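Trainee: Once you've looked at the hints, go ahead and assemble the two chains, each given alone in its own frame, into the complex.
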Amino acid sequence: MKITQSFFAGDRWHNLDTSEGFSAEQAQLVMVFGERTLLEQGHWYAHFKETYPAASVLLCSTSGEIYQSAAHEGSVVATAIQFEKTQIRKAQASISNYQQSFEAGKSLSASLQGDDLKMIFVLSDGSKVNGSDLIKGINENLSAHVSVSGGLAGDAARFEKTLVGLDAEPTEGQIVAIGLYGKDLEVGHGTMGGWDVFGPERQITKSSYNILYEFGGKKALDLYKEYLGKYASELPGAALLFPLSMKISQDAEPVVRTILSIDENDGSMVFAGEMPEGAYVNLMKANFDRLIDAAATAAEQTLLNPDKKPDLAILVSCVGRRLALGQRIDEEIEAAKEIFGEHTFMTGFYSYGEISPLATGKCDLHNQTMTITTLTESK
Amino acid sequence: MTPLVLDIGKLHPLLKRQIFKYLKNSDLDDIREVDFISAVNDSYLNYERDKELFDHSTQLNDREYAEINQQLKLEVTQRKQSFEKLVDAARTLEVPVGFTVPEFNENNLLGLVEFLKQQIIYQKSIEDQLIQAKDAAEEATRAKSEFLSIMSHEIRTPLNAIVGLVYLMKQEENTPVMVENLDTLQFAADNLYILINDLLDFSKIEAGKVELEYTDFNFKQLVHNIQKSYQPKADEKGYKVVLEADERVPDTLIGDSLRLSQILSNLVSNAIKFTETGAVTIVYKLLGVQQEMAQIEISILDTGIGIAPEHQQKIFELFTQASSVTTRKFGGTGLGLVITRRLLQLYKSDILLESTVGKGSRFYFNLELEISKTAAPMKEIALIDAESSPLEGVRLLMVEDFIINIKVASKFFARWKIDFEIAENGLLGVEKARNNQYDLILMDIQMPEMDGYAATQMIRQFDPNIPIIALTASATISDKTKSSEVGMNDYIPKPFNPNDLFTKIAKYAGRQL
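Each protein sequence line maps, in turn, to chains R and W. In terms of this note's numbering, the first sequence opens at residue 1 and continues consecutively. In terms of this note's numbering, the second sequence opens at residue 1001 and continues consecutively.
Chain W extracted, bound-state conformation (with noise of 0.2 Å):
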């Protein structure tokens, strides 16, 4: 081994001093020459350095552990105030006969657990018997809808047969006696028909199943056309049904146009019904546009009975008219005000009322509806028994089973010169729609052998082009839905507007009106 060279400069200072004090002077010449001397230096420095870091590594580790404690000490602070929280709570609850409470204090904390697991447990139990009977509330409600749908169905159906038979024997010549005859029936039928829409109406609202629809619609256009249709009805008792129009309103809003002619007819055919003289008028005014919102207000004056101030609130209840004097003078059943002010607080809106007895009502509301960007919608047309049908020689499949449906369609059909054939249930009607060609199927949903849904379905298999309109008794919404799922392009509810009927198959044929 190579000796080493000390330097004293290096030498740990204990053991210089150590060196200068018990070696004789002569020594330390030979001193830079010792391993021994270096050995025993080494071992200083490497105790001296090892003492240094325990030191060091002391101090961190009680640094370390006072931060320790202090988390430990706010952790203790948090579960005492948790602690208290937590008997404040319980302390809050109510306890159900036969509950032991424990006493709350930091050393019984599994008591405080235990009761509060009991707590837990019995709400539970509330809570499960709170679902039982929303359950059965919910099924009730259920089975009340399907029972509406079941007998607004079986009820639509054969009216649907009279309203049209009814229809085309006005169209004959008749002796007096036979008109009169048929104008009563017609009348009757109409207020059955408009009662079994009312009551399904009324229980879809109820039911929460009404949802608006926002497409583009032509306001002025429709107002324009209520007045139009009542106009008729204003004639039998010799007065007018007076529009006036604001012509700022825009053409083209966004909403839904079935709903806001179901309000505007309610109330003017009210009107009508309640004014033997004098004039029923339409009033509308833009009061205004906030951020592409049109703010209309509409009102309906008639110059009628008027409805005393005691009864004016009675009116908007369920089943209620001003009296019952009115109910028997004028009939009703006293739902159309509560539908129409249920349709109008879907809009956010409601129907205000002022009346003086004697001398008249004015219904009125406020609309919010926005404003469309895209162009007006085509003008609805009106036509019936044109000289030359615009729908002459279009090919028409008709799948129904009712045969009184049938007679009423065919001779509709064929007054409007449609080339038309019949299947009497699902499964004819797929056969034929593959081996013939039509221009559109009209499909009647609840049939025989097979639905109408289920027929739709393969016939798409096959053709995914040619139109399909559901042509049905059952006039739900879950049934319009139901439709445009297995594919079906539109839906006209029966007992069917001709004149809606009409529209449809020329648009469905693409016939230019």
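Same shape as in the complex, but just chain R (with noise of 0.2 Å):
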């Protein structure tokens, strides 16, 4: 595997880094994430085409994009990629609402679907689907051995719109899917939050798909507020440093929830992601130390043999992450970095929302996680 590092900021494009015998015409693949604001200004697709002709061209918006062991904003990163012998193919849905994420994840990976597909790599809209549904779609056509990584395109601290494309300049309600084709390639994910939960575990008792309106016989914000003491006051500004731990059973693995909206009037709380009535939910806070520890241990995660470090890692951290340690954000990637070492190219962005698989079992959305893919290329 071959790769060339650019990256945009203060309008023109610096070159990070570039593998020995990289073929720009010979790009398979380009990623590009950056700024929405930014994406919607320029002709990137057309610059892009130009630059890799035979490349196909993911681009998505972001909260913030990874490259330099560092969170930038502002600006846009592009990771073209020569693969030896692995083979790509494209998928591209479009939607108009929510209710139609399940069918448009079935369609994704009903026209993947391969002997030798090896996983598949989803850039969604993250304003207009729901995230939850769109994995079960996904999931719905795969066998086990797939797996399938990904995240939903962000949009700073704004959510507003998020754009994502494929072959095209990026808009919105997309979702793109890269199959990735081949016994050669070897996949790693990680996923790891570091949130503290803290307060009792209580269930879910009134819900309807992802507002939650009452856990514990309580009213969800009433309950929130009491246990946020002071810093309820920072609602809902400071909604995203307190999500909360959910687990569909008690034996489940829990996913971390963020709060997207709150409601004042009748009580409840709108999470990014399926709330289901009788889960299990713990309130969540952030421990700087634990968060970018996190990162780390993600990291790790993705590595079959420690000795042996990927070509490629794609980064995608919550945007509530960047949030909550701010100036500190920087430490999380850094902590990646520090496991994967000099040789690994690194990219990713900030998200509404990562796809990956737990440790065990079939890809779920997470929320406020620092999620890792790594690929590599067997020599």
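Calculated directly from the structure, the hints in this document are not laboratory data. A portion of the hints provided could be inaccurate.
Below, simulated DSS-like cross-link-like pairs (lysine-lysine); rule was C-alpha separation at most 30 Å, straight line [as the list claims (entries may be wrong)]:
id	chain 1	residue 1	chain 2	residue 2
1	R	K49	R	K90
2	W	K1010	W	K1170
3	R	K219	W	K1407
4	W	K1144	W	K1220
5	R	K218	R	K230
6	W	K1314	W	K1348
7	R	K106	R	K118
8	R	K218	W	K1051
9	W	K1228	W	K1016
10	W	K1237	W	K1170
11	W	K1073	R	K219
12	W	K1016	R	K230
13	R	K230	W	K1051
14	R	K136	R	K106
15	W	K1359	W	K1285
16	W	K1273	W	K1237
17	R	K128	R	K106
18	W	K1228	W	K1273
19	R	K219	R	K183
20	R	K183	R	K206
21	W	K1240	W	K1285
22	R	K247	W	K1051
23	W	K1407	R	K225
24	W	K1407	W	K1417
25	R	K230	W	K1417
26	R	K230	R	K128
27	R	K106	R	K49
28	W	K1417	W	K1432
29	W	K1073	R	K218
30	W	K1051	R	K225
All values derive from a computational prediction rather than experimental measurement.
Mentor: What follows is the structure, encoded as structure tokens:
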């Protein structure tokens, strides 16, 4: 696998690093992560089409771009990949409302099915798509050995609109997926949140898809405010700092759910994912050290062999972490970099939802995690 | 990365103190641009927030656990009290032979439960035995009432013929000896008829099968009719049945006129039976009206033999008369007064008695009857043997298998100038009804080939409107209910009262009387 990376900031392109023997004409795949308003201004696809004529180009808006072991904003980062043996195929779906998410997911994985399909990398609109349903739809057609990862596009901390594109200028409502085929490709996954739970575990007593009305028999917002104490006054701005840990059953793996909005009138809260009645939830809070440690742990999870470092690591981290860690956000990227070392190319973005398989089982939608996908082609 | 500009005022207080303590004054200017300090400050603040949230949630947890603890304590107390109550209850249970009573304490809850379980099994077995006994008793009662129903039919059918034919024979020219014989025959037949009705009534009342009807009826007219109908009997003895009416009693009341006339007939016929000279007097008085209910006192006075005080309660007992001498002299079953009393009890009333031996008796009771808001029903018109019959030309089909019944009815129909046809069983009846035009059908119930219920249902399939009147010897309430269920319009028990038959034919044929 040969890679070249560059970023656009301050009105011009900067070259970052290039593998020996990389040929722009032979690049098959380009991943572009950029700030939304910046993506809206330029003819980005045209630029990449000209630079990498043979490549499929993925474009995705972010809540922050990851390169140079740091989190950036107001920039665009591009990573062009020239696989040696691995084949790629692409698929795309566009939707206009939440209800179509499941069917869109189903059609994507159906069109990418193949005997030697190794993994699917998905980038999806982050505000029009129901991430949980999308992933259920993708999983519907897939056999267990195919892994799925990726993320939902971001829009800084604005939550206005998100853009995704495949071989076209990015627009709203797009879901794109790349299938990677071949037995020479090794794929690694890691996901870790590092948030602390606090307060007692409670069951969801009233909800409607991703709207949480009551848990533990009390109004969701009331219970939140009670536990946040003096920090309750920082809501809704601080909502991203206090996600919920949710598990479907007592022995299920917990997933983290971010608050998207709150309703002072009826005391309900909207979360970035399904909140089924009967599920178990815990309040969460950020401990900086543990958030940063979690990034390192996620990186370690991707390594099948500690001595064999991957060619490329794609980091999808949550916008909530970025808001929580503030100035120290770079430290989580640095922590991952320490694990991978100098020779692994790193790219990625801050997202509105991460897609990754848990340690066991099928892929799921996560919030508030550092989710890492690594790709390595055996030499 | 752009350097952050530090606001010293927003530094964590501890960090601020440490900076001023450990750094030289000259460094302070630089501090504003030091990312390092900013990162450290973020960490300090985060730890502070983390600690506060944790402390706060710990407090909340403590409070919640205290509440849960309190709740648990309450539950433990309740459990203890429940257990004690359970033990108290268990101790009151009768312990059957062969039961081991465990030691009752809180650590032996299972023992207590096992003991109670055995008790429940034991009680259940007793309950099963009781249910079996009850079923057996009900089965016996059912068999008894069925027997009575069948017997009554078997006896009434021939009796119907006797009563009817005697009636007709008395209309003919007869020799004086014949007249006397016929009188005796009629007396015997009537008595037998009354006895059968009494027995049937009594068995129905005993079986709880008698329910009062609540329909409009003319109270004054009813009493007047009773008086009139018993006058011939009193005439035989040479005295009058006197009626002392209270005009204030409302005309139309709501009640069971059939049962009420049964009560009055019983009492009046008794009075006549035991009175040789003087008079029998019926008196009714309005005691008052409360909430649309009329309170009426009714008395039957006689100047007969009277009843000794020691016998006054006995006469209301089953099959008991005042003395065996009475039985020999006056006859009767002793059922009449028992039935009268039971019927009055259905009206939540009771029969009372004042009597002096040799002077006479007064039987009296109170009735509470609702006052009807609708108009009085049509007057009953007794009419037989008119020169020009109002029933002339009525087309009637009689479905009846018993030849004597046919003969009796035929004579009446001929006398009333009715244009009638006979069908000998249900099947023939259906055929005739299908092929001919009739104004109404009289339908026997128990017949060979096809009974009256089945025949009625078949006729109703092609003619839903023609009046069908059941004419049967099985005079039970359930027959009456069933006859209306299959689509019959009315019901005349056999042996029929010619007057009643005449009135019903007139009513259903649409003839004015």
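Trainee: Which hints from the list above does the structure break, by number from lowest to highest?
Mentor: 2, 3, 4, 9, 19, 20, 23, 25, 26
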